[in-house]
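A.B. asks: Sequence:
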Amino acid sequence: MIMPFKSLLALLFVTAQLTTAIHVTHVSDCGVNRGCWRVPEGCTNSADCKAIVTWRHHRTSLTIELEAGLQNEGNDEWIGVGFSKDRQMGNDTVFECHFSETTPSTAYLSHNSAKRNVVLEKASSLLLKDAYAERFDGRGICGAEWKLDNFALSSEDKRLVHIISSGQYYLMIATGNLQKGKKEMHKMSGKLAPWISNEPTRFCHRCSASVNNIDFVKA
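Residue numbering for the sequence shown is -21 to -1, 1 to 198, as defined by mature numbering (1 follows the signal peptide of the UniProt record, and there is no 0).
Take these hints with a grain of salt, some might be off.
Said to hold, decoys possible - Here are the simulated lysine-lysine pairs, BS3-like style, with alpha carbons at most 27 Å apart:
| no. | residue 1 | residue 2 |
| --- | --- | --- |
| 1 | K137 | K126 |
| 2 | K101 | K64 |
| 3 | K108 | K137 |
| 4 | K64 | K161 |
| 5 | K108 | K159 |
| 6 | K64 | K159 |
| 7 | K161 | K94 |
| 8 | K64 | K94 |
| 9 | K161 | K126 |
None of these hints come from the bench; they were simulated from the model.
Could you build all of it, start to finish, from the sequences and the hints given here?
C.D. replies: In structure tokens, the structure reads:
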């Protein structure tokens, strides 16, 4: 059956919108309207960056988007960006995304202690709005509106989720596998080791540092 010309145009338009929508395409705003971290240093877009995280304030929330190459097509995997007060993992808040073939792919907040990572499902449901996670062309793309105040959280979750609009934070990007919905630890060395920013940055509303481009070093 031959598809009518108008229907074909509509299909192509929707496909183009979808392809564009799930890519972190607004890196031209980096350092102007949003903060960005692109690795490796000097890369410019999803074609040559191994990972990109961008953030932008919207009233009392932070629009955060993360894109990174996935290790193996068809595997369940996760990617995450950690917010740490030092360059060592431990007592960190993590924005992470799960990409699964069997369960819904979405974004969460989690907490890194010195020895383990715990997904904070209740805090995620209260603080993350319009979360999404998609696979496209061997890459994972995800994002959410992150509410920056913690008033609605339990006392325990308040202890585990940094108010990132206050203070300075180093960023760390890591990837790993999921097994039955549980994260496996990322690699500690080699090309799959985490990336760590050279300097801390700030996420305060209306401060110039919140739209910085930042550099990185390999862990």
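A.B. asks: Against each hint, give a clear statement of whether it holds in the structure.
C.D. replies: Outcome of the hint check:
1. K137 to K126: Roughly 13 Å between the alpha carbons, so the hint for K137 and K126 holds.
2. K101 to K64: Satisfied, since the Cα-Cα distance of roughly 23 Å is no more than 27 Å.
3. K108 to K137: holds, 18 Å
4. K64 to K161: Within the cut-off at roughly 26 Å; holds.
5. K108 to K159: Roughly 25 Å between the alpha carbons, so the hint for K108 and K159 holds.
6. K64 to K159: violated, 31 Å
7. K161 to K94: holds, 15 Å
8. K64 to K94: Between K64 and K94 the Cα gap is close to 17 Å, so the pair holds against 27 Å.
9. K161 to K126: Judged against 27 Å, a Cα distance of about 25 Å means the pair holds.
Consistency with the previously given hints fails for number 6 only.
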